[in-house]
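Trainee: So the chains spell out like this:
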Amino acid sequence: MLRYILNRLVGLVVVMFIVATIVFVILRITPGDPAAVMLGPQATQQDIAALRTQLGLDQSILTQYVTWLGHLARGDLGQSIFLNKPVLTVLADRAEPTFWLTLMSLAIATAIALPVGILSAVKRGTALDQSVQGFSMFTSSVPSFWLGLLLMEFFSVKLGWLPVAGYGGPGASIGERLSHLILPAVVLGLVNSALITRFIRASMLDVLRDDYVRTARAKGLTETRVILRHGVRNALIPILTVLGLTAALLVSGAVVTETVFGLPGVGSLVVSAVLRRDYPVIQGALLVIAAIYVLINLVIDLLYLLVDPRVRY
Amino acid sequence: MNFSMTRRRSLIAMAMGGTLGAVGLPATVFGATPVKGGIISVATIGEPPTLDPMMSTADLVGILTQHIFETLYTFDAKWNVTPLLAESLPKLSADGKTCDIALRKGVTFHDGSAMSSADVVASLKRWTGVASRGKQAADVIADIEATGADGIRITLKQPYAPLTALLAMNNSAAVIMPAKKLAATLTEFIGTGPYQLKARVPDQYIQLVRFSGYKSRAGEPDGYGGARKQYLDEIRFVPMTNANTRLESAIAGQFDYVDSLAVESLSKLKGSKSEAVILKPFGWPRLVLNTKKGLMADQKVRQAAQLALNEEDMLYAAFGDKNFYAVDADLYPKGFPWATDLGGAVYDKGDAAGAKKLLDAANPKDRTIRLLTSQQYEFHYKMALVANEYFKAAGFKVDMQVVDWATLVQRRANPDLWDIFITHSPFLPEPALIDFPSKNSPGWWDTPRRDKALDAFNQARTQDERLKLWAEVQKAVFDEVPFIKVGDFNALSARSPKLQGFTPAPWPYFWNTWKA
Numbered sequence: 001m002l003r004y005i006l007n008r009l010v011g012l013v014v015v016m017f018i019v020a021t022i023v024f025v026i027l028r029i030t031p032g033d034p035a036a037v038m039l040g041p042q043a044t045q046q047d048i049a050a051l052r053t054q055l056g057l058d059q060s061i062l063t064q065y066v067t068w069l070g071h072l073a074r075g076d077l078g079q080s081i082f083l084n085k086p087v088l089t090v091l092a093d094r095a096e097p098t099f100w101l102t103l104m105s106l107a108i109a110t111a112i113a114l115p116v117g118i119l120s121a122v123k124r125g126t127a128l129d130q131s132v133q134g135f136s137m138f139t140s141s142v143p144s145f146w147l148g149l150l151l152m153e154f155f156s157v158k159l160g161w162l163p164v165a166g167y168g169g170p171g172a173s174i175g176e177r178l179s180h181l182i183l184p185a186v187v188l189g190l191v192n193s194a195l196i197t198r199f200i201r202a203s204m205l206d207v208l209r210d211d212y213v214r215t216a217r218a219k220g221l222t223e224t225r226v227i228l229r230h231g232v233r234n235a236l237i238p239i240l241t242v243l244g245l246t247a248a249l250l251v252s253g254a255v256v257t258e259t260v261f262g263l264p265g266v267g268s269l270v271v272s273a274v275l276r277r278d279y280p281v282i283q284g285a286l287l288v289i290a291a292i293y294v295l296i297n298l299v300i301d302l303l304y305l306l307v308d309p310r311v312r313y
Numbered sequence: 314m315n316f317s318m319t320r321r322r323s324l325i326a327m328a329m330g331g332t333l334g335a336v337g338l339p340a341t342v343f344g345a346t347p348v349k350g351g352i353i354s355v356a357t358i359g360e361p362p363t364l365d366p367m368m369s370t371a372d373l374v375g376i377l378t379q380h381i382f383e384t385l386y387t388f389d390a391k392w393n394v395t396p397l398l399a400e401s402l403p404k405l406s407a408d409g410k411t412c413d414i415a416l417r418k419g420v421t422f423h424d425g426s427a428m429s430s431a432d433v434v435a436s437l438k439r440w441t442g443v444a445s446r447g448k449q450a451a452d453v454i455a456d457i458e459a460t461g462a463d464g465i466r467i468t469l470k471q472p473y474a475p476l477t478a479l480l481a482m483n484n485s486a487a488v489i490m491p492a493k494k495l496a497a498t499l500t501e502f503i504g505t506g507p508y509q510l511k512a513r514v515p516d517q518y519i520q521l522v523r524f525s526g527y528k529s530r531a532g533e534p535d536g537y538g539g540a541r542k543q544y545l546d547e548i549r550f551v552p553m554t555n556a557n558t559r560l561e562s563a564i565a566g567q568f569d570y571v572d573s574l575a576v577e578s579l580s581k582l583k584g585s586k587s588e589a590v591i592l593k594p595f596g597w598p599r600l601v602l603n604t605k606k607g608l609m610a611d612q613k614v615r616q617a618a619q620l621a622l623n624e625e626d627m628l629y630a631a632f633g634d635k636n637f638y639a640v641d642a643d644l645y646p647k648g649f650p651w652a653t654d655l656g657g658a659v660y661d662k663g664d665a666a667g668a669k670k671l672l673d674a675a676n677p678k679d680r681t682i683r684l685l686t687s688q689q690y691e692f693h694y695k696m697a698l699v700a701n702e703y704f705k706a707a708g709f710k711v712d713m714q715v716v717d718w719a720t721l722v723q724r725r726a727n728p729d730l731w732d733i734f735i736t737h738s739p740f741l742p743e744p745a746l747i748d749f750p751s752k753n754s755p756g757w758w759d760t761p762r763r764d765k766a767l768d769a770f771n772q773a774r775t776q777d778e779r780l781k782l783w784a785e786v787q788k789a790v791f792d793e794v795p796f797i798k799v800g801d802f803n804a805l806s807a808r809s810p811k812l813q814g815f816t817p818a819p820w821p822y823f824w825n826t827w828k829a
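For the record, the sequence lines run as chains A and B. Position 233 of the first sequence, counted from 1, bears residue number 233 in this note's numbering, the numbering being contiguous throughout. For any residue, its number in this note's numbering is found by taking its place in the second sequence, counting from 1, and adding 313.
Calculated directly from the structure, the hints in this document are not laboratory data. Possibly wrong hints are sitting among the right ones.
[Unchecked claim] Quick list of in silico lysine to any residue cross-link-like pairs, SDA-like style, CA-CA up to 20 Å:
#1 A/Lys85 with B/Lys781
#2 A/Lys85 with B/Lys438
#3 B/Lys586 with A/Leu149
#4 B/Lys605 with A/Thr44
#5 B/Lys511 with A/Gly168
#6 B/Lys606 with A/Ala172
#7 B/Lys511 with A/Ala172
#8 A/Lys85 with B/Thr498
#9 A/Lys85 with B/Val514
#10 B/Lys438 with A/Thr44
#11 A/Lys158 with B/Lys606
#12 B/Lys752 with A/Thr44
#13 B/Lys678 with B/Lys662
#14 B/Lys581 with A/Thr44
#15 A/Lys85 with B/Lys752
#16 B/Lys448 with A/Ala49
#17 A/Lys158 with B/Lys586
#18 A/Lys158 with B/Ala497
#19 B/Lys811 with A/Gly160
#20 B/Lys586 with A/Leu150
#21 B/Lys581 with A/Phe155
#22 B/Lys581 with A/Gly160
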């Protein structure tokens, strides 16, 4: 198994190198200039050119690429042009809200999807099943920004129960910070629950047709026991897969929700970095996201070992 | 330009006799008793690109850093230059080339050190080296030197009337910092302002706290000038990039002040927990024409483009309600010292036949206008759509290139890539602060008539003389068409009824305010 893990880690390096190269090239051929954004609307071309020189942006793309790779090899993701901080520090600062948001969204999505998906499979073809499928279709089709604004309007503006946006001021307690995460977590949880529900339903339908389920029923086990002990456990592998993919997507893909709710997480950092062309931050963030993506998948693969003793690496 | 349509502030404050209106209560509640203490939160349109006010001309940078840093001069409520860190207005020599500035005594920086003439000289030298406005002044500055512990002298190569206005502006600003803290990239943000930086968590908040060692000017507040009262304990600027979120947070009353709301959201603010503040007039959109290369390099073609447009239709498409725009050709509206009544004989004509005649006379090989615009500012895009139709009616072809703002800023620097781009600007206190007179600004207006009009304007010695010469500059603009002003537009923001003592301004400031 150690060999398997090592192989996967080598694969991670290869993936990151490819991502790094693609991101670097795309960013450099995309129009837009961080120096112009930084200096503001009335800066002269001479000022912009001078700042470009100061930032090393006047060098050839190849020179910039080689320099950047050199730093990368030493674990240095570079310095944010706008925040004047190491990219790793900037990312670490943003990790907290994204981490909690991912965790809460995943918890909400799972709490909805698991019982609903199982129930839908068990009650296949009934009105309940149809309703679940309709609801899943609806939540997966709703744009997250629209749902976010809708919930914001109702719970924050009309009822005043929750803050509209932000992540609390200086010295905000954990409770206050978490209160800022409830609405975005519900939005992401609802949207993502649709896919997980459908996966669980499909996986359970497959399992419930298997012989060992029929045998369990024939042994006289209660239906609840059959479903939970024999059905769910055997359906866990695809469920774990989709949960892992969802977690990875949440780390990287909460861009819109974080922006709508003004959360200072990794997603909103990427958006603002793109708008101001903060190349080192975009490059660093995407690299870290790619690494997290690969690592989450690795962890999921390893979890298969726990869930299913038949799996061997 | 990296500010949104609603982000700038009108230059007309109530005290100026302008038409700024607050829906609900007046913006300043006269007679209310100030209360010391309290914290306010201000929702801004985003994270500032830097906290170094010399480095950037962005409004957001000016709005935030004006609480931390101060300049030698600033603007009073009537947009006259007034002293801030300087003791008084500068003493000019008879030939207009020597400018002596006495400094206020007893001013200290946030690090506790006393401000000296050495700090001022070092700061101004940095300003002339790194700031866009400083470099503009550097062209005419021969020397900056200390004349004693409390005075400095700026020696000019030629008389230069805009100097004090450049020294007074709050973006690309000639702020005074301790000489020992000056660096190419600032790592410490130490000023003399009424509030000092306590913490900056990017994209989360910028926390300013009252500076206990602040020495205010005597007297009463007067625009950005006069006394600066420190009623509040803390000011927190919270970036809120999404416009809808800013609106919802204003309705819910989450912030004490919410900057930059879309004008169409005015009705939603009625009956909410915040009061709407309409800033009227706020700024002016314009079409900049490439006078250097391509189709618009021909003055006749530029005149044809000018004649073709119906600016009122463009404004209506962009803002949808006459409460939020004014059809006005003059570069400054009423209420400003620089307001004129030239009327613009070629403004708002929509004369397709006349324009076609001019275009036929110019007979360019290719009549395609490469019109560069951005949907990041929706009103730019809407104006472009209307302009497109009027241009086509006049016999032009239009290649409309819709890009994001960062791309537009980059492309406009290359004269080979565009013929017209759309931008906007607030009404700046002094014409020399506007970018169009610069030959280096995209558009590259550079003609003998421009030189003559602007040189005379910049070297005039009296304000009356400058006002007359400003009219000449505008006539040159109307005739040579380096750009086309579309009109005046207004902006909307919101404030909590608890925020008292607030005077709307183009770059809102929160000294002199208190929380009821």
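Trainee: May I ask which of the numbered hints given earlier this structure violates, with the numbers listed in increasing order?
Mentor: The structure breaks hints 1, 2, 6, 11, 13, 14, 15, 18; every other hint is satisfied.
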